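S.K.: Chains A and B, in that order, are what the protein sequence lines are.
Quick note on numbering that gives the first Met the number 0: the first sequence kicks off at 0 and runs consecutively.
Quick note on numbering that gives the first Met the number 0: the second sequence kicks off at 0 and runs consecutively.
Simulated from the structure, these hints should not be mistaken for laboratory data.
Quick caveat, the model's predicted, so the values are computed rather than measured.
There may be inaccurate statements among the hints.
Pairs involving identical chains hold if they fit within one copy or between any two copies, as the list cannot separate such chains.
[As the list claims (entries may be wrong)] Straight-line alpha carbon distances no greater than 20 angstroms define the calculated EDC-like cross-link-like pairs of lysine to aspartate or glutamate that follow:
id : residue 1 : residue 2
1  : K127      : E461
2  : K216      : D410
3  : K24       : D303
4  : K20       : D309
5  : K20       : E203
6  : K127      : E457
7  : K216      : E461
8  : K259      : E112
9  : K20       : D277
10 : K281      : D309
11 : K216      : E76
12 : K281      : D212
13 : K216      : D303
14 : K281      : E415
15 : K259      : D410
2 protein chains.
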Amino acid sequence: MAPATPVTLFYGTFVDLPRTKSSSKHELSIRHGALWVSTSTGRIAGSDWSITSEAQLQSLVRQHGWPSTLRIIRAREDLNEFFFPGFIDTHIHAPQYPNSGLFGSSTLLDWLETYTFPLESSLGNLSKARTAYDKVISRTLANGTTYASYFATIHVGATNLLATLAHTRGQRALIGRVCMDNPSFCPSYYTDGSAQESLSATKENIAHIHSLDSEGKLVKPILTPRFAPTCSPESLSSLGALAASHSPPLHIQTHISENKDEVSLVQSLFPDSESYADVYDKHALLTKRTILAHAVHLTQTEMDLIASRDAKVSHCPASNSALGSGIAPVRQLLESGVTVGLGTDVSGGYSPSILEAARQACLVSRLLRHTQQHSVTLAKEVKDGHEVLSVEEALYLGTRGGAAVVDMADDLGGFEEGMLFDTQLIRLGGVVPSSPLESELGSPVEKNDSVVDIFGWESWTERVHKWVWTGNDRNVRAVWVGGALVHSSEDKFRAGNGSESFLGALTGLVGGQDWLKYIAGGVGVGALGWVLGRKR
Amino acid sequence: MAPATPVTLFYGTFVDLPRTKSSSKHELSIRHGALWVSTSTGRIAGSDWSITSEAQLQSLVRQHGWPSTLRIIRAREDLNEFFFPGFIDTHIHAPQYPNSGLFGSSTLLDWLETYTFPLESSLGNLSKARTAYDKVISRTLANGTTYASYFATIHVGATNLLATLAHTRGQRALIGRVCMDNPSFCPSYYTDGSAQESLSATKENIAHIHSLDSEGKLVKPILTPRFAPTCSPESLSSLGALAASHSPPLHIQTHISENKDEVSLVQSLFPDSESYADVYDKHALLTKRTILAHAVHLTQTEMDLIASRDAKVSHCPASNSALGSGIAPVRQLLESGVTVGLGTDVSGGYSPSILEAARQACLVSRLLRHTQQHSVTLAKEVKDGHEVLSVEEALYLGTRGGAAVVDMADDLGGFEEGMLFDTQLIRLGGVVPSSPLESELGSPVEKNDSVVDIFGWESWTERVHKWVWTGNDRNVRAVWVGGALVHSSEDKFRAGNGSESFLGALTGLVGGQDWLKYIAGGVGVGALGWVLGRKR
Numbered sequence: 000m001a002p003a004t005p006v007t008l009f010y011g012t013f014v015d016l017p018r019t020k021s022s023s024k025h026e027l028s029i030r031h032g033a034l035w036v037s038t039s040t041g042r043i044a045g046s047d048w049s050i051t052s053e054a055q056l057q058s059l060v061r062q063h064g065w066p067s068t069l070r071i072i073r074a075r076e077d078l079n080e081f082f083f084p085g086f087i088d089t090h091i092h093a094p095q096y097p098n099s100g101l102f103g104s105s106t107l108l109d110w111l112e113t114y115t116f117p118l119e120s121s122l123g124n125l126s127k128a129r130t131a132y133d134k135v136i137s138r139t140l141a142n143g144t145t146y147a148s149y150f151a152t153i154h155v156g157a158t159n160l161l162a163t164l165a166h167t168r169g170q171r172a173l174i175g176r177v178c179m180d181n182p183s184f185c186p187s188y189y190t191d192g193s194a195q196e197s198l199s200a201t202k203e204n205i206a207h208i209h210s211l212d213s214e215g216k217l218v219k220p221i222l223t224p225r226f227a228p229t230c231s232p233e234s235l236s237s238l239g240a241l242a243a244s245h246s247p248p249l250h251i252q253t254h255i256s257e258n259k260d261e262v263s264l265v266q267s268l269f270p271d272s273e274s275y276a277d278v279y280d281k282h283a284l285l286t287k288r289t290i291l292a293h294a295v296h297l298t299q300t301e302m303d304l305i306a307s308r309d310a311k312v313s314h315c316p317a318s319n320s321a322l323g324s325g326i327a328p329v330r331q332l333l334e335s336g337v338t339v340g341l342g343t344d345v346s347g348g349y350s351p352s353i354l355e356a357a358r359q360a361c362l363v364s365r366l367l368r369h370t371q372q373h374s375v376t377l378a379k380e381v382k383d384g385h386e387v388l389s390v391e392e393a394l395y396l397g398t399r400g401g402a403a404v405v406d407m408a409d410d411l412g413g414f415e416e417g418m419l420f421d422t423q424l425i426r427l428g429g430v431v432p433s434s435p436l437e438s439e440l441g442s443p444v445e446k447n448d449s450v451v452d453i454f455g456w457e458s459w460t461e462r463v464h465k466w467v468w469t470g471n472d473r474n475v476r477a478v479w480v481g482g483a484l485v486h487s488s489e490d491k492f493r494a495g496n497g498s499e500s501f502l503g504a505l506t507g508l509v510g511g512q513d514w515l516k517y518i519a520g521g522v523g524v525g526a527l528g529w530v531l532g533r534k535r
Numbered sequence: 000m001a002p003a004t005p006v007t008l009f010y011g012t013f014v015d016l017p018r019t020k021s022s023s024k025h026e027l028s029i030r031h032g033a034l035w036v037s038t039s040t041g042r043i044a045g046s047d048w049s050i051t052s053e054a055q056l057q058s059l060v061r062q063h064g065w066p067s068t069l070r071i072i073r074a075r076e077d078l079n080e081f082f083f084p085g086f087i088d089t090h091i092h093a094p095q096y097p098n099s100g101l102f103g104s105s106t107l108l109d110w111l112e113t114y115t116f117p118l119e120s121s122l123g124n125l126s127k128a129r130t131a132y133d134k135v136i137s138r139t140l141a142n143g144t145t146y147a148s149y150f151a152t153i154h155v156g157a158t159n160l161l162a163t164l165a166h167t168r169g170q171r172a173l174i175g176r177v178c179m180d181n182p183s184f185c186p187s188y189y190t191d192g193s194a195q196e197s198l199s200a201t202k203e204n205i206a207h208i209h210s211l212d213s214e215g216k217l218v219k220p221i222l223t224p225r226f227a228p229t230c231s232p233e234s235l236s237s238l239g240a241l242a243a244s245h246s247p248p249l250h251i252q253t254h255i256s257e258n259k260d261e262v263s264l265v266q267s268l269f270p271d272s273e274s275y276a277d278v279y280d281k282h283a284l285l286t287k288r289t290i291l292a293h294a295v296h297l298t299q300t301e302m303d304l305i306a307s308r309d310a311k312v313s314h315c316p317a318s319n320s321a322l323g324s325g326i327a328p329v330r331q332l333l334e335s336g337v338t339v340g341l342g343t344d345v346s347g348g349y350s351p352s353i354l355e356a357a358r359q360a361c362l363v364s365r366l367l368r369h370t371q372q373h374s375v376t377l378a379k380e381v382k383d384g385h386e387v388l389s390v391e392e393a394l395y396l397g398t399r400g401g402a403a404v405v406d407m408a409d410d411l412g413g414f415e416e417g418m419l420f421d422t423q424l425i426r427l428g429g430v431v432p433s434s435p436l437e438s439e440l441g442s443p444v445e446k447n448d449s450v451v452d453i454f455g456w457e458s459w460t461e462r463v464h465k466w467v468w469t470g471n472d473r474n475v476r477a478v479w480v481g482g483a484l485v486h487s488s489e490d491k492f493r494a495g496n497g498s499e500s501f502l503g504a505l506t507g508l509v510g511g512q513d514w515l516k517y518i519a520g521g522v523g524v525g526a527l528g529w530v531l532g533r534k535r
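Only chain A is shown next, with the shape it has when bound in the complex (with noise of 0.2 angstroms):
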């Protein structure tokens, strides 16, 4: 027998969506059985979905020749436990994190003014930007989050930074030092000096970012006009010339038609463009690899050119709602070729969670039949509820859709072998009554655990069903990115201490390798433990 390839083995409930095409029903795919993850390229080297036993997952073991210090990592059935695909958030702001939930009754452009533009430009304070973005790598990585693609600040320094912890922590992210040069639609106190200034400055930040992560395995540059008001033609066709200068071409993220009052602003400072979609066009911003944020009022024309340009679109539902921007269409958007995926909008969205964002979907794709817009453009569909978004649709989205916005569709999302295993380990609980004593102690006695109430009757797609409705944060209770663990609500997961006997340990760090103290931020390690994240 071969020596074996190490690997970390999984074993339980695996719950993804197949990839499908964008017009097809999206289904839960739920096995049983076990999956295998190479300790060295953290990609899934197999999997065998006839295992349903410890004595058949023994007797893999021996099949595979693995060795007795294997770890395997088991997914509880009696807790209702199961391994889903690590969510990607394709739009969040780093910097606003400390601003979440604080927006009054503002809309788009009146919110920038008093509450971001503010909070951003203070981040130019590393102590500052330190506490926000370890706060916000924190918060996305325990609510499952293991790809987020950040818009930073105009700061060089804070931006390097949250690339360094980003890394550091090992949760895989694209980083945005945010262009915006303006002076008209920029307050003086945030602006860069021009669109010269503009560029150098980002090119500093992608140097921080190749030096960090030379083959960008976890951590990539993305280029960052903020949206077309607050940026000069100069600037926006120096940043598309800079992209189509790298090979491969780099990321691009910005916002599009998030609010009414914004798509006529930007007419009115692009006569000479069609459309808001083809001031973007026109300065070589609409990429493959460009993720749009929001495009909630798009004409069909915009559409057709973002498909034909294979653009990318963040759909945040959230944030739509909480500024009043609207109902993004979609199904529309998917129906006329675009790819799509879902961003928490931090903190136009209130929540670091892609699982609130999926929930968001779902509502406001209920409501979108009630709207102008709804009743203008999709008139034929208004009676059979076409519009509407599934659970199973949002969850897509979330994971498959987010990888093809980031353009690792072949990497992410799903559970193939010689995928990238990024994946969150979920907990639904044990079934109710947890305990004889429930009726007597009332939910004191359950205060650590999960929110979502399973009463044992429920098939797995209704117990997924009610994950999304009811589920949050408290249900993760393990994220791994390319196999190595970035997060856990167990101590027995953070132990690192080796000592899982074979096929013992219910559960157990995974990997082994090469973990590193957490010194980005010059902090000793305490007597609490080992650190959270690899260096790679």
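Since the structure of chain A is provided, determine the placement of chain B on it from the hints.
M.R.: Structure of chain B alone, referenced to chain A:
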């Protein structure tokens, strides 16, 4: 000095919404000081907002001649704790709780057939009913709901059990046996045999509740014709007459204008009525003690009729979005003089939390401007955002609004002297980073804590906004109804051993009188201690 009235003393930050006319702008009242509650009546006996220190607090105690056994409950400033009025859920279906999160992509009428009637009919089984009702009471209390207006099922036994459980657990509640006798719109397996059977079963339930709580201090009956299509005209009339035959008249609850197809159905079923609201009015069911759930598609004429009868509306935004029903025009209702409260509408609504309902009320009010309905009826207001509900307004609806809906506006919803002390203690948590090890350990260190992140620079108003947008049941540390502790997430609240020293404990158990073992379920009291419920 006269002998002091036995009280419990509460000290810290108190947040509520001052009682105002519906047309006024709502603002938070944020006060720091001491408030005391009579242990015999459960009502607020006094308050002193000049108390700002422990020394002043001790002076207050001496001045009142309170004994050394006085219990003092402190809200911890360092953990951003505050007292807030208990939430009032004006519309919730207790038997549907196990279906929370299960509705697929259905709308009202097919949802009833597919998901709801089968589950409700199964609750005739008392064991199953007990499991569901225990859980829904636990979950609503844990989310700060001190008063719930419950729909039960058609079963007298199970409905009586719900009343007993709410009473024993100490939750204030209206309990309604559902009436549905129209064979054309009730499934054959789940229907009252006739209007007469419906009426007599309802009377049995009323008798049980009156025997349980003769003065209606905690639990009261509420007449519950499901909605017009499921009830014969004879049944509607007899319920209207039954309500009027009591003094004061019995409470009434039903549904109205949730869904457009439902509105059309009612028009066809009651051709002699001018409108859906008129159907209820013709049967004497529109009274000042009537709760109408949903009210999404009312005409202005119907709103005027409802206002003239002083009937109330329960706004259930999570449900209305989940089932695609539409967006209730809350501003228009309020300006028409209709009293509005919030409802979770479990399980059309997926969440048992009124905080979530408040959040959803804010969100959908921000989308209202994009609806067809809004553009027609409120054209003049489209531009000014007049229809948008502020966070403060949503909290008002969830407390004061709900109190008015259940006809207890003088007793519940705020901290005025003489009001019943139905209150939640909210903990947002310490300032970020909560520990210097945060960066090293990621979020696991705070796994049991709040996900509301306070950075230290937020005003109290902003902290409350963060709670509304990002908080959940983890922030509810304790809940009192009529001064009695009915839920706590902390063991120290439950100790109940009288060990708190004078001014000693940071937190402690209120009351101390007649705590009883939970016996309704026939379950023995286990080792874990006392029961969160007070027999009265």
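S.K.: Any hints this thing doesn't respect? Which numbers, in order?
M.R.: 3, 5, 7, 9, 11, 12, 13, 14 and 15
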